[in-house]
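S.K.: For reference, the chains in residue letters:
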Amino acid sequence: DTAVSQTPKYLVTQMGNDKSIKCEQNLGHDTMYWYKQDSKKFLKIMFSYNNKELIINETVPNRFSPKSPDKAHLNLHINSLELGDSAVYFCASSRRLAGRTGELFFGEGSRLTVL
Amino acid sequence: QQPVQSPQAVILREGEDAVINCSSSKALYSVHWYRQKHGEAPVFLMILLKGGEQKGHEKISASFNEKKQQSSLYLTASQLSYSGTYFCGTEGALRTSGSRLTFGEGTQLTVNP
Numbered sequence: 001d002t003a004v005s006q007t008p009k010y011l012v013t014q015m016g017n018d019k020s021i022k023c024e025q026n027l028g029h030d031t032m033y034w035y036k037q038d039s040k041k042f043l044k045i046m047f048s049y050n051n052k053e054l055i056i057n058e059t060v061p062n063r064f065s066p067k068s069p070d071k072a073h074l075n076l077h078i079n080s081l082e083l084g085d086s087a088v089y090f091c092a093s094s095r096r097l098a099g100r101t102g103e104l105f106f107g108e109g110s111r112l113t114v115l
Numbered sequence: 116q117q118p119v120q121s122p123q124a125v126i127l128r129e130g131e132d133a134v135i136n137c138s139s140s141k142a143l144y145s146v147h148w149y150r151q152k153h154g155e156a157p158v159f160l161m162i163l164l165k166g167g168e169q170k171g172h173e174k175i176s177a178s179f180n181e182k183k184q185q186s187s188l189y190l191t192a193s194q195l196s197y198s199g200t201y202f203c204g205t206e207g208a209l210r211t212s213g214s215r216l217t218f219g220e221g222t223q224l225t226v227n228p
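Same order as they appear, the protein sequences are chains G and Y.
Numbering (the working numbering) for the first sequence: 1 to 115.
Numbering (the working numbering) for the second sequence: 116 to 228.
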């Protein structure tokens with residue numbers, strides 16, 4: 001059983017299109033995250049939800065909108081895609097104890113290419 | 116604020132040792148270490164909490180100097196399987212509802228036969 005699974009693994013699309021990435025975890029964690037990894041491999045946090053509540057919202061264009069329908073799912077919708085959005089998007093989950101980040105479990109990543 | 120990792124890259128022969136450093140300009144609560152192989156997701160290695168502890172994971176261990184806001188990852192008798200990019204992630208000492216892990220730029224480790 002895959003602990004953190006995200007779909008799709010690859011997206012290739014044109015500038016201006018809208019795309020969504022879905023993530024699910026079966027670890028019983030209360031917190032889920034979206035990280036963006038650019039071509040230089042820099043891992044940058046974008047959003048985090050704790051028990052369906054948005055707790056981290058980094059300086060991300062409002063074209064990016066996360067949604068967490070329940071503790072086990074976190075989706076990312078991106079509107080009006082731009083070339084600079086090309087990256088690998090990782091979903092992750094963890095337990096959060098007393099407001100602190102526990103061990104992160106990452107999904108396999110979704111590689112987005114904007115042409 | 117992003118922690119600083121050094122070196123950026125290191126090449127070893129199998130059996131050699133390496134040290135990867137991670138330093139922060141702010142007081143830390145914890146340091147995480149992850150390894151990412153090419154084309155794969157980062158995988159957790161260990162977490163160190165403030166208190167200056169040292170942890171081990173097979174032949175990989177780490178230390179955390181809370182006063183210096185630094186952590187070091189030690190890889191001894193390296194194996195080919197150790198190749199990958201190593202990331203440290205730090206969490207600040209100040210607890211807020213939005214407390215988060217911030218990653219360094221990574222250290223690319225290559226182990227050759």
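Just so you know, these hints were derived from the structure itself, not from any lab.
Among the hints, a few may not be true.
To be verified - Derived list of chain G stretches under chain Y, where covered just means 3 residues or more per stretch with a C-beta under 8 Å from a C-beta of chain Y:
#1 34-47
#2 101-107
Unchecked claim - Listed below are the simulated DSSO-like cross-link pairs for lysine-lysine, each with C-alpha atoms no more than 30 Å apart in a straight line:
#3 Y:K165 to G:K9
#4 G:K40 to G:K19
#5 Y:K182 to G:K52
#6 G:K9 to Y:K141
#7 Y:K183 to G:K19
On a predicted model such as this, the values are computed, not experimentally measured, just so you know.
Don't be surprised by glycine CBs; every beta carbon is placed ideally from N, CA and C.
S.K.: Against the earlier hints, flag every one the structure doesn't satisfy and list their numbers going up.
M.R.: 3, 5, 6, 7
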